[in-house]
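Q: Keeping their order, the protein sequence lines are chains A and B.
Our numbering puts the first residue of the first sequence at 1, with every later residue one more than the last.
Our numbering puts the first residue of the second sequence at 1, with every later residue one more than the last.
Simulated from the structure, these hints should not be mistaken for lab results.
Incorrect hints may have been included.
As the list claims (entries may be wrong) - Derived DEER-like restraints, expressed as beta-carbon distance ranges:
1) B:Thr20 - A:Ser97: 44 to 52 Å
2) B:Lys71 - A:Phe12: 38 to 46 Å
3) A:Gly96 - B:Gly63: 19 to 27 Å
Stated by the list, open to error - Incomplete in silico selection of chain A near chain B, CB under 7 Å:
4) Gly42
5) Leu45
6) Lys105
Said to hold, decoys possible - Which residues of chain B face chain A? A few of them, derived with a C-beta cut under 7 Å, are:
7) Pro8
8) Gly16
9) Ser24
10) Met27
11) Tyr31
12) Pro39
13) Tyr48
14) Met50
15) Phe90
16) Gly104
17) Tyr105
18) Phe107
For each residue, glycine too, the CB sits at the ideal point set by N, CA and C.
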Amino acid sequence: GQQLNQSPQSMFIQEGEDVSMNCTSSSIFNTWLWYKQDPGEGPVLLIALYKAGELTSNGRLTAQFGITRKDSFLNISASIPSDVGIYFCAGQEYGGSQGNLIFGKGTKLSVKP
Amino acid sequence: EAQVTQNPRYLITVTGKKLTVTCSQNMNHEYMSWYRQDPGLGLRQIYYSMNVEVTDKGDVPEGYKVSRKEKRNFPLILESPSPNQTSLYFCASRPRIFTGESYGYTFGSGTRLTVV
């Protein structure tokens with residue numbers, strides 16, 4: 001099935017630094033979502049994007065739905081230790097079933113105090 | 001509290017012994033789904049359901065069964081578990097109506113299954 005390419009796989013940063021990660025697909029998506037997973041828990045939705053070109057913020061997080069509808073990025077500004085976790089992009093493929101939400105392989109973020 | 005509840009949280013079983021992981025949601029959501037999470041592979045969808053008695057295969061359905069007899073429950077059944085089904089499993093749900101941020105799936109806390 002369709003796969004999402006998420007990069008980087010992992011990041012080790014200093015507290016206070018900005019972070020950027022992205023996700024690309026081989027086909028058009030009509031929705032992009034970004035989730036965060038804390039250790040021992042299920043993923044939690046951070047940001048949802050529904051239109052090409054849309055730029056949405058949630059506190060220190062900013063995400064964009066790419067103009068081509070085949071990519072999305074997530075930025076975290078001024079990282080803090082509680083940002084540690086695995087970040088997943090997910091998307092709904094254009095023309096696909098609405099129940100079929102596809103995930104990337106995740107970006108593991110580590111923050112040094 | 002709105003939530004997706006799955007049980008058990010941890011399960012160790014032997015090859016071939018049938019097991020069921022239960023999932024229940026209290027948000028009246030139409031859509032429910034099962035994912036498995038493996039290191040380096042992210043989250044892969046096993047099965048999903050768009051309403052009662054309506055189910056469809058995800059990307060990795062082999063070796064699994066599901067049923068949706070009631071709206072709130074969506075159990076995952078492994079008829080004859082094998083070691084390659086050792087994984088972390090998540091149940092998730094979301095409403096059918098596309099309304100803003102409710103589009104994303106809400107996930108349970110996970111079931112860590114080990115098949116020996």
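Q: Each hint should be assessed against the structure and marked as holding or not.
A: Verification of the hints:
1. A hinted range of 44 to 52 Å is violated for the C-beta pair threonine 20 (chain B) and serine 97 (chain A), which are about 25 Å apart.
2. In this structure the supplied range 38 to 46 Å holds for lysine 71 (chain B) paired with phenylalanine 12 (chain A), their Cβ-Cβ distance being about 44 Å.
3. Glycine 96 (chain A) and glycine 63 (chain B) have their C-beta atoms about 23 Å apart, which keeps the hinted 19 to 27 Å range intact.
4. Hint status for glycine 42 (chain A): holds, given a least beta-carbon distance of 3 Å to chain B, under 7 Å.
5. Taking 7 Å as the C-beta cut-off, the interface hint given for leucine 45 (chain A) holds, the closest approach to chain B being about 4 Å.
6. With its C-beta approaching chain B no nearer than about 4 Å, lysine 105 (chain A) sits inside the 7 Å limit, and its interface hint holds.
7. Violation of the interface hint for proline 8 (chain B) is found here, the shortest Cβ-Cβ separation to chain A being roughly 14 Å, above the 7 Å cut-off.
8. Proximity of glycine 16 (chain B) to chain A is violated relative to the hint, the smallest CB-CB distance being about 28 Å (cut-off 7 Å).
9. The interface hint given for serine 24 (chain B) is broken, as the beta carbon of that residue sits about 14 Å from the closest beta carbon of chain A, more than 7 Å.
10. Hint status for methionine 27 (chain B) relative to chain A: violated, with the closest Cβ pair at about 14 Å, above 7 Å.
11. For tyrosine 31 (chain B), the interface hint holds, since its Cβ comes within 7 Å of a Cβ in chain A; the closest pair sits about 5 Å apart.
12. A cut of 7 Å between beta carbons decides the hint on proline 39 (chain B): the least distance to chain A is about 10 Å, and the hint is violated.
13. At its closest, the beta carbon of tyrosine 48 (chain B) sits 4 Å from a beta carbon of chain A; the interface hint therefore holds under the 7 Å criterion.
14. Checking methionine 50 (chain B) against chain A by beta carbon gives a least distance of about 5 Å; that is within 7 Å, so the hint holds.
15. A least Cβ separation of about 5 Å between phenylalanine 90 (chain B) and chain A falls short of the 7 Å threshold, and the interface hint therefore holds.
16. About 4 Å separates the beta-carbon of glycine 104 (chain B) from the nearest beta-carbon of chain A, less than 7 Å, and the hint is met.
17. Satisfaction of the interface hint for tyrosine 105 (chain B) is found here, the shortest Cβ-Cβ separation to chain A being roughly 6 Å, below the 7 Å cut-off.
18. Because the smallest distance between the Cβ of phenylalanine 107 (chain B) and any Cβ of chain A comes to about 3 Å, under 7 Å, the interface hint for this residue holds.
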